[in-house]
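Participant: Residue numbers (the numbering used here), protein chains in the order written: chain A, 1 to 114; chain B, 1 to 116.
Just so you know, the hints here were simulated from the structure itself, not pulled from any lab data.
Quick reminder that beta carbons are idealized off the backbone N, C-alpha and C, glycines included.
Be aware that a few hints might be false.
Listed below are the simulated DSBU-like cross-link pairs for lysine-lysine, each with C-alpha atoms no more than 35 Å apart in a straight line [to be verified]:
1. A:68 <-> B:57
2. B:69 <-> B:18
3. B:57 <-> A:49
4. B:18 <-> A:68
5. B:17 <-> A:49
6. A:49 <-> A:68
7. A:61 <-> A:49
8. B:71 <-> B:18
9. A:49 <-> B:65
Not the full set, but computed from the structure, chain A residues with beta-carbon under 7 Å of chain B [as the list claims (entries may be wrong)]:
10. 28
11. 32
12. 46
13. 94
14. 109
These stretches of chain A come out as covered by chain B in the derived footprint (C-beta under 8 Å, 3 or more residues) [what the hints assert, rightly or not]:
15. 37-45
16. 101-107
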Amino acid sequence: AQSVTQPDIHITVSEGASLELRCNYSYGATPYLFWYVQSPGQGLQLLLKYFSGDTLVQGIKGFEAEFKRSQSSFNLRKPSVHWSDAAEYFCAVGENSGNTPLVFGKGTRLSVIA
Amino acid sequence: EAQVTQNPRYLITVTGKKLTVTCSQNMNHEYMSWYRQDPGLGLRQIYYSMNVEVTDKGDVPEGYKVSRKEKRNFPLILESPSPNQTSLYFCASSLGTSGYSTDTQYFGPGTRLTVL
Chain A
1 AQSVTQPDIH
11 ITVSEGASLE
21 LRCNYSYGAT
31 PYLFWYVQSP
41 GQGLQLLLKY
51 FSGDTLVQGI
61 KGFEAEFKRS
71 QSSFNLRKPS
81 VHWSDAAEYF
91 CAVGENSGNT
101 PLVFGKGTRL
111 SVIA
Chain B
1 EAQVTQNPRY
11 LITVTGKKLT
21 VTCSQNMNHE
31 YMSWYRQDPG
41 LGLRQIYYSM
51 NVEVTDKGDV
61 PEGYKVSRKE
71 KRNFPLILES
81 PSPNQTSLYF
91 CASSLGTSGY
101 STDTQYFGPG
111 TRLTVL
């Protein structure tokens, strides 16, 4: 079965600084990978997803993620963080058979300071 | 507007008093699911449904029931709530046509439940 690890529980960055959130997955075949964001008091919203093709994926709100098969990673990046990016971020993995539920990581909480 | 709605948004109840949290989507999605979110544990799936009258257990189904009599609705039922079911609950839906773990999931705003 697939699994997801987000090694960082909480990260604090300064506004305008770059950001990288780590995600490692475990799955034997090619995974379907997602990043979701949960703003305070709200449900989760999809930021971006990777199925195949170009390993650098662009998402909404200026985020991107890079799939690295050799490292089993799908790290989320943003070159310049805004205060509104403060939220909880979840990485998730799905199977390419498509008939088993999505598995979420435990999340990384991002704080942004002035 | 395409959305997933949940009601109530906040609920405080007492141990043993049956409750239902409703979930409705207006996107004609086949797949719906319920998650609970707890600090340090992330999202854990409670139940999911691939279509009307088809439901299955997720990772933490104990103490919960669901039903899917109509495509748009997927209520979560706690027959006898206990304090360990105090949590933040999310309903989600997705198209379900290309695979239940590959489609984008759309989440409701959450229901914060406290069981005293």
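Participant: All the hints need checking, so say for each whether the structure fits it.
Facilitator: Comparing the hints with the structure gives:
no. : hint          : in the structure
1   : A:68 <-> B:57 : holds (32 Å)
2   : B:69 <-> B:18 : holds (20 Å)
3   : B:57 <-> A:49 : holds (25 Å)
4   : B:18 <-> A:68 : violated (47 Å)
5   : B:17 <-> A:49 : violated (41 Å)
6   : A:49 <-> A:68 : holds (14 Å)
7   : A:61 <-> A:49 : holds (14 Å)
8   : B:71 <-> B:18 : holds (24 Å)
9   : A:49 <-> B:65 : holds (31 Å)
10  : 28            : violated (15 Å)
11  : 32            : holds (5 Å)
12  : 46            : holds (5 Å)
13  : 94            : holds (3 Å)
14  : 109           : violated (10 Å)
15  : 37-45         : holds (count 5)
16  : 101-107       : holds (count 7)
In summary, the numbered hints that this structure violates are 4, 5, 10 and 14.
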